[in-house]
Each structure stands twice: as C-alpha cells, then as structure tokens.
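Let the hints inform the model, and build the full structure from the sequences given.
These protein sequence lines map, in sequence, to chains A and B. So for the first sequence, the working numbering puts the first residue at 1; every next one is plus one. So for the second sequence, the working numbering puts the first residue at 1; every next one is plus one.
Hints in this document: simulated from the structure, not taken from any laboratory. Incorrect hints may have been included.
Each pair may be met inside one copy or between any two copies, as identical chains are not told apart.
What the hints assert, rightly or not - Straight line, CA to CA, 35 Å or less: simulated DSBU-like cross-link-like pairs of lysine-lysine:
no., residue 1, residue 2
1, Lys91, Lys313
2, Lys91, Lys312
3, Lys63, Lys351
4, Lys225, Lys11
5, Lys63, Lys312
Protein chains: 2
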Amino acid sequence: MTETININLGKRSYPIYVGEHLLTNGDLFEKHISNKKVAIVTNETISPLYLQKISKTFKDINKEIIPIILPDGEAFKNFETLNLIYDELLKNRANRQISLVALGGGVVGDITGFAAATFMRGVDFIQIPTTLLSQVDSSVGGKTGINHQLGKNMIGAFYQPKCVIADISLLATLPDNHLSAGLAEVIKYGLIRDFSFFEWLEKNINGIMKRDSKLLINAVICSCKNKADIVESDEFESNIRAILNLGHTFGHAIETATGYGKWLHGEAIGIGMVMAAHLSEQMGWLKKEEYQRIKSLIVSSNLPINPPEISKKDFLDLMQLDKKTKDDQINLVLQQGIGKAILTSDYDEEKLHNTLLKKSF
Amino acid sequence: MTETININLGKRSYPIYVGEHLLTNGDLFEKHISNKKVAIVTNETISPLYLQKISKTFKDINKEIIPIILPDGEAFKNFETLNLIYDELLKNRANRQISLVALGGGVVGDITGFAAATFMRGVDFIQIPTTLLSQVDSSVGGKTGINHQLGKNMIGAFYQPKCVIADISLLATLPDNHLSAGLAEVIKYGLIRDFSFFEWLEKNINGIMKRDSKLLINAVICSCKNKADIVESDEFESNIRAILNLGHTFGHAIETATGYGKWLHGEAIGIGMVMAAHLSEQMGWLKKEEYQRIKSLIVSSNLPINPPEISKKDFLDLMQLDKKTKDDQINLVLQQGIGKAILTSDYDEEKLHNTLLKKSF
Numbered sequence: 001m002t003e004t005i006n007i008n009l010g011k012r013s014y015p016i017y018v019g020e021h022l023l024t025n026g027d028l029f030e031k032h033i034s035n036k037k038v039a040i041v042t043n044e045t046i047s048p049l050y051l052q053k054i055s056k057t058f059k060d061i062n063k064e065i066i067p068i069i070l071p072d073g074e075a076f077k078n079f080e081t082l083n084l085i086y087d088e089l090l091k092n093r094a095n096r097q098i099s100l101v102a103l104g105g106g107v108v109g110d111i112t113g114f115a116a117a118t119f120m121r122g123v124d125f126i127q128i129p130t131t132l133l134s135q136v137d138s139s140v141g142g143k144t145g146i147n148h149q150l151g152k153n154m155i156g157a158f159y160q161p162k163c164v165i166a167d168i169s170l171l172a173t174l175p176d177n178h179l180s181a182g183l184a185e186v187i188k189y190g191l192i193r194d195f196s197f198f199e200w201l202e203k204n205i206n207g208i209m210k211r212d213s214k215l216l217i218n219a220v221i222c223s224c225k226n227k228a229d230i231v232e233s234d235e236f237e238s239n240i241r242a243i244l245n246l247g248h249t250f251g252h253a254i255e256t257a258t259g260y261g262k263w264l265h266g267e268a269i270g271i272g273m274v275m276a277a278h279l280s281e282q283m284g285w286l287k288k289e290e291y292q293r294i295k296s297l298i299v300s301s302n303l304p305i306n307p308p309e310i311s312k313k314d315f316l317d318l319m320q321l322d323k324k325t326k327d328d329q330i331n332l333v334l335q336q337g338i339g340k341a342i343l344t345s346d347y348d349e350e351k352l353h354n355t356l357l358k359k360s361f
Numbered sequence: 001m002t003e004t005i006n007i008n009l010g011k012r013s014y015p016i017y018v019g020e021h022l023l024t025n026g027d028l029f030e031k032h033i034s035n036k037k038v039a040i041v042t043n044e045t046i047s048p049l050y051l052q053k054i055s056k057t058f059k060d061i062n063k064e065i066i067p068i069i070l071p072d073g074e075a076f077k078n079f080e081t082l083n084l085i086y087d088e089l090l091k092n093r094a095n096r097q098i099s100l101v102a103l104g105g106g107v108v109g110d111i112t113g114f115a116a117a118t119f120m121r122g123v124d125f126i127q128i129p130t131t132l133l134s135q136v137d138s139s140v141g142g143k144t145g146i147n148h149q150l151g152k153n154m155i156g157a158f159y160q161p162k163c164v165i166a167d168i169s170l171l172a173t174l175p176d177n178h179l180s181a182g183l184a185e186v187i188k189y190g191l192i193r194d195f196s197f198f199e200w201l202e203k204n205i206n207g208i209m210k211r212d213s214k215l216l217i218n219a220v221i222c223s224c225k226n227k228a229d230i231v232e233s234d235e236f237e238s239n240i241r242a243i244l245n246l247g248h249t250f251g252h253a254i255e256t257a258t259g260y261g262k263w264l265h266g267e268a269i270g271i272g273m274v275m276a277a278h279l280s281e282q283m284g285w286l287k288k289e290e291y292q293r294i295k296s297l298i299v300s301s302n303l304p305i306n307p308p309e310i311s312k313k314d315f316l317d318l319m320q321l322d323k324k325t326k327d328d329q330i331n332l333v334l335q336q337g338i339g340k341a342i343l344t345s346d347y348d349e350e351k352l353h354n355t356l357l358k359k360s361f
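Structure follows, in structure tokens:
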C-alpha cells in the first residue's frame, strides 16, 4: 500500500509517496517525468545498492539515463561536487528538457535540488530519499543548497521537486547510526507541535529501532504531514517555519566546529535539541520531568546527548553566524512544554552560557 | 523628470526608474531598501567613477555599507567571482537581512542577482545598471547567472530585484563601443515587435550616438516597456519570451568560440541579428530592402556586422549547445518582416549553412 501526502504550494504543489518497493514502480515515475533524458544523481555508497535497479525501471519506461555518481558525505556538499553535476550534464548535452533524479540522503537531495534550481535557470527534479532523515526532512520544503567554508547551507535556493518517492524498503540497508540520526528529526516534530506523536514515539521506539515497516511508514507520514502543515503556511521561512530549526543553531555550530562530516547531521541536531530543552528548562518553560522525557527518548534512539569540546566563545561565534540570527542577536527555537516551540531571543544570556558550558546532560 | 515603469509579476512586481542624476536620490533608495546593511557590488572600472558618490547617498540615509569590488569583464562572470561575493558577505557577518546593490553593467548585474538569489536562499537586491545594454536588457526579466566553461549563462536563476534605477547620467562615462553594444539590444526590440520604434531609431540614430539625454531616455523606456510586455506574459520563458533571443544563438556561439570577453555581448548579438536577418531573407520571410534597412541601422550604430573566423562545424556545435535548442534541433528566432519575430526550427538547413559560411554581410 502506498500513501500519498499532497504538499499544497499553489503552482509548486507536489505529492510525496510513502510505501514499500516503490523503486520498481515505473508508472509512478512515468507520471512525473515528462522528459526523455533523466540524470540520476547518487553517491558511491548508494549506487552499488540501487542504481541498477532504478536504471532498469527507467529503461522499461523508455528513458535515456545519465548516471552521475558523487562522493559520499557532508564534507562533499560543496561547489566542487555541484560542479561535477553541471559538467556531466553539459558533457552529455543536457538542455532544459532534462529531469534530475536525486537518489540518496540529504546531501544528494540538497545538492541535486540546487543543481536543478540553477542549471539553465531551472529544470525538473524528483527526489528519492534513501535515508530516514531525508525522507522526513528534505522531502518537504524545497530547501536546496551547499555549504560554504564559513558556514553550513549558506548557498542555496528554495526549489520544489515534481514529486518525492519515500520508499521505506530502502531503509533496510541504512546503517544503525543513520537510522538514529533520522529519528532525531522525527522526534523534533513531536517536540515542536505534536504531543500525541511524541507519546506514540515513546511507546513505539523499540519497534522502530527494529525497523518494523508499518511503524516506520507511520513515523515518516506523521513527520511529513507535520512539516507540510508548517511549510504550506510559510514557504519562504518568513516566520513560523523557523520552528523547524529546533536544535539546529546549536547543531550547526557543532557541525561547523568539528568539520562537516564528523558528526551526522541528525546526531548534531539530537544534541542541539537536548541543549535547547536544557535552556528551556532553566527558563522555567519546560518542566524537569518533560526535559527528562525528551532526553530519554533521544537516548532510546541511540543518539548521543553530549556535545564535543567546544569553547563557549567559539560556540557563540558559530551560533551568531548561523543564518537564523536577526540583527546580531541570536534567535533560538526553544520549548514551551512538549509539543510547543517558539522562536525567541528573549531568554537569559547567562542561562544560555550555562547550557554551552555544560559537558554532560 | 523621472519616469517609472512598473513590471507586473504578482508578488514579484517592481518598478524601474528612468531619469537623470538618480544616484544622489536618497529617497528613492530608502523607499526600496528596508535593511540596515547594504553590500554594494561593483567592478574595478565603475568603482573609481561612482562608488564614492553612491556611498555618500547611502550614508546620508543611515545605511551600513559593505563595498565589494569585482574584476571587470565577461571573462570573470564565473564561480570564482561569485564566490568573492559570498566570502565578503560572510566575512562581514551578513545574514538574510542584507540588501545587495548591483552597480555596474550586465556582468555585475547578473552575478550579483545570482548571489542575491542564492545567498542564504535569497536576499533582497536592487540594480543600478551603468551601461546602456544593462539598462535596456538586464533591468527587466530577472535572469541572473554565471557562465560555465562549456557554455554561457548555463548556471543561474530567475530572481527579481526590488527595483531598478536606470540613471541615464551614468552613460556619460560609457565608452563608445559599449554605447554601440547597448544599441544592438535596443534595435532588437524594434526588430522583434515594434516597427514604429524601429522607424524612430532610424530617424534618431545620429542624435542617440551623440548621447542626447532625451533621446536616450526614450530609447531606454521604449526598450524596457517592450521587454516588460513580453516578460509579464511569460516570466519563466516557456514560450513567447524566447523571441527576446533574436541573434543570441548565433551571438553566443561567437562569444564562446572566441573566448568570453573578446567581443562585447552587444557586438556579438548585433552580428547575430544580421545573420538571423540574412537567413530570414533567404527563406523569403524578409524582403531584400528590409534586410538592408536592418543592416544599415546596425552599421549606423557603429556595430560590426561580420562574424570572426569560425568553421561551420564549430558554429553548429556551439549553437546546438546553446540552451535555446529543444530535442537536439536548433531552434532559431527569425524575422517575418521588421517588427515580427518567430521561434522556429522550420527553416532550410542548407540556407542556415549558407549564412554560417558567409564571411561578409
């Protein structure tokens, strides 16, 4: 059974399909790819697993395929890798009548989406996220981009895909730490706006960790629906969409300080959410027991909760650089109970310092 | 007197102001720049002439300025130069609340617009075109981008400015060959859709060459209005907008074959328009006398009409690479009389070869 979630963004609306064994579903692809030429952008880890399978599906529906295989990892989410895509497209005489297919995790999705947004000022693309994190996060919202030496995701565009195909079967080959990293973003939806989803996760975390298909499908659907609600009301992140960044200002600082790729994005975000909860608890916005429940669910997901060694000054500098800051004051997404988050700069500076100095949560 | 042309693109609408001495008009800038930080992106040629003047205007309205000075010329319209802008913005801790001001010709405008489209997924920008070509061409339409070794304008985005300030006074310092290059695009509007403008140009070309302000203002306004009509009905170049590329498929091939920067864009387009007229005349779509009138107006603008030495094969290869091709067939914008252009692949292949082999028009 395949579930469909429609993302309603006017002319830029598109469906997300969530189900099993979708990679061999030629009809689904045919419906959303009108062009003859298709560039499949993937990475060195995913291509031995799924490139042949998807290529067969495309050949069966008469598509001409250009495979583009990128190096794997956040460390390669940069201009050089982006340029690999442009080079291959141009060498293969691609024009505006090409569709790009992103087959991979968040890095492949973000960079392919940005290539699609900017190649000849915009061509079609579809996303096939192969990690839990990308299925629940980058499938919705149209954020594409690359990193810059001086900051993560500094270069990018808002650009929507023609469709997203979230095939749960692909999660079978996902390493354990990547499953956990994905769960960080899943938990986030519970924390920022969906208390009953948070409770469902508490109840089912063990089954999810065992990769029960039905539970995973439900987790992906609930996450995408929550994100869709937010993105539909604020496509270009003018206001409410910012709460999706819970844990991200802390997390990005951790990723930048340690060098991209050392920590999985989801791991850094997991720690960031614990830090945000800690600050919220200090502010009296979150009860001690709520803080404990949050930590406990993150621990049950096999995620780290303690940040690496970063000085307070470096932490603050990196957080200030993060694009969520406004007029040089650090805006943070913080909790007001479980299931409600706010974007605020109205917290006690010293309590933030306490959180940044804490070694063990 | 300042004239205002409104470009109507829904939420992305913006005004173009055409007049004299606009660089010192603080009110105009204040109206369209709500952010405190302003990055003025310009080049080595323009900065000694106008950077101080505009900086004073901005300081008077309490803006904090980050000047960014790029190397001058089409040869620098590449990723390295784009990255200079990102670097400076990040070094100066710019966030989403920054406005980019493009002060320069088409290259500065295109690259700054693309930086604005992609820095933190989009920030405000305004354009102050300093050449006739950029005043009549890049002011309308939101095309931004950079070149790739394998083709011109291959990387880019559609991104609209908050306003365009076309200050005719800036044309006083424009070298003669750049004035002529700009006229190529002005003449284009007459050729593709405005016969009476073509006739007005024939009558006034001498006064325009002498830089009569009133004539220049009228030429800029008529050009922008013509372009606005087209862009408003087809913002993302799905169909009718393509006629704006009259002469461009030939012209881009010339620019790529000779290396960017050897020929001014307008010079290459001027030759391209003569070649398009020649093919149209061969097809019987343009009378001999019309072809002569076109050539004659281009010659009166002091533009070259003969292409450099390029083999037929190279010409065809480069034209095929140009993004105006669909399904590997070269689509060309051709004339049907003066004042009407069509996009077609329905011409005689051999007659195209005749045009490509002709050394002297």
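Now for the hints, and whether the structure bears them out:
1. Lys91 - Lys313: between (47 Å within a copy, 17 Å between copies)
2. Lys91 - Lys312: between (48 Å within a copy, 20 Å between copies)
3. Lys63 - Lys351: between (57 Å within a copy, 34 Å between copies)
4. Lys225 - Lys11: both (19 Å within a copy, 27 Å between copies)
5. Lys63 - Lys312: For lysine 63 and lysine 312, only the inter-copy Cα distance (32 Å) is at most 35 Å; the intra-copy one is 54 Å.
When held up to the earlier numbered hints, the structure conflicts with none and fits them all.
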